[in-house]
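Trainee: Sequence:
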Amino acid sequence: MVDDAPEEQRILAGRYTLTEPIGRGGVGTVWRATDVVLDREVAVKELRLPDDLTEAERSSLLRRTTREARVAGRLTHPNVVTVLDVVNEDGRPWIVMELVVARTLAEIVDLAGPLPYPRVAEIGLQLISALKAAHDEGIVHRDVKPENVMISDQGRVVLTDFGLAAWTGESALSSSGRIIGSPSYIPPERAKAGPVGPSSDLWSLGATLYAAVEGHPPYNRKGYIAILRGDDLEEPEPAANAGPLAPVLAGLLRVDPEARLTADSATAMLRIASLAPWAPETSPETAAKSAAETEARNESDQSAAEAIPVALKAGAEALRNNLHDQVAHVSDALQRHRPESVSALLTSIRESTDTLGLTSSGKHRSKSAVPVIIGVAAGVVALLAVILWALVLR
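Residue 391 in the UniProt record's numbering is what sits at position 391 of the sequence shown, and the numbering runs on without skipping anything.
Be aware that one or more of the hints could be misleading.
Claimed, not checked - Simulated DEER-style distance windows between Cβ atoms:
1. Ser265 x Val101: 28 to 36 Å
2. Ala112 x Leu38: 32 to 40 Å
3. Ile22 x Leu275: 28 to 36 Å
4. Asp110 x Pro50: 36 to 44 Å
Calculated from the structure, these hints are not laboratory results. Ideal Cβ placement from N, Cα and C applies to all residues, glycine included.
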């Protein structure tokens with residue numbers, strides 16, 4: 001039995017100390033816990049059974065939790081949460097799992113809005129790798145959706161909640177005849193009670209990635225109702241923000257399971273999309289505004305460019321006159337000390353200042369000459385200062 005300590009201090013099986021809840025659902029709570037034997041943090045999933053459940057519903061939930069532990073426990077994959085232990089306490093199974101510090105894809109999209117298609121493609125690559133591992137074991141997840149996708153700050157993607165998982169070939173309906181899964185992410189064939197298979201998970205993957213890049217699932221409410229009724233559907237609207245990811249989504253979301261992309265084909269296409277540079281789509285209004293701003297900026301740049309030669313010519317003329325004055329001033333001092341040794345140098349300096357900013361015909365240089373003029377002027381002034389210090393002040 002679970003001891004009578006407060007929930008945050010409960011100890012399961014004399015080994016797992018619950019510390020704080022990190023997630024809650026309709027019939028369960030996920031706890032951060034400490035494995036006191038191995039001295040490590042883990043996650044513990046608690047099944048909470050509402051009091052108003054019938055005995056059949058209670059048994060169904062218990063079976064679902066046990067199934068989740070067994071199915072996930074068969075998989076060893078970096079993109080599937082690792083089940084470490086199952087503890088039976090208080091008449092309920094408690095699943096002990098690796099602790100994944102992450103947010104769900106649904107939470108990320110709610111906070112940040114639609115994601116860039118290269119990032120969504122990266123998420124898709126990790127998810128499809130997890131699904132392939134499950135399918136190789138004969139397991140169909142049956143509940144792929146943004147709420148069951150965890151993404152860490154380091155970019156690791158983890159597929160969780162195998163509670164609805166089934167073996168390939170099982171019915172798409174529960175024992176009570178209800179459709180299993182979340183309506184927005186249920187593939188069309190599931191509503192027709194056909195056997196489940198890997199292609200069903202691939203459709204749900206496509207819907208999940210569609211929601212990540214568009215901000216909403218591929219079908220609106222009318223489409224969901226049609227799926228639940230088992231009506232024939234048209235293909236969903238193309239994803240407007242998906243860029244090179246769009247063909248992958250279209251291929252995964254084919255209404256006909258036989259026409260859908262295979263996992264291998266989708267993987268190859270996702271890899272290409274993940275490497276594509278991201279170019280956000282713009283509306284016509286945004287594009288027109290951007291074009292107008294660019295035109296105005298170009299006109300401003302042209303006006304500035306036309307003004308530069310006039311200012312440059314005047315500035316260069318003033319700089320030349322100033323340097324002439326400096327040369328004359330230093331010349332007087334130098335002639336009293338080293339007339340023979342500096343006469344040629346001063347002549348050279350004076351001639352070099354005549355060329356600053358002006359050509360022989362008096363036309364201006366381009367604005368690209370500005371750094372050269374400034375650099376030469378600074379060099380001349382520095383040279384004069386050194387000569388003055390060396391010959392006059394020593």
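Trainee: Against each hint, give a clear statement of whether it holds in the structure.
Mentor: Against the structure, the hints:
1. Ser265 x Val101: 28 to 36 Å: 33 Å, holds
2. Ala112 x Leu38: 32 to 40 Å: 36 Å, holds
3. Ile22 x Leu275: 28 to 36 Å: 34 Å, holds
4. Asp110 x Pro50: 36 to 44 Å: For Pro50 against Asp110, whose Cβ atoms are near 27 Å apart, the range 36 to 44 Å is violated.
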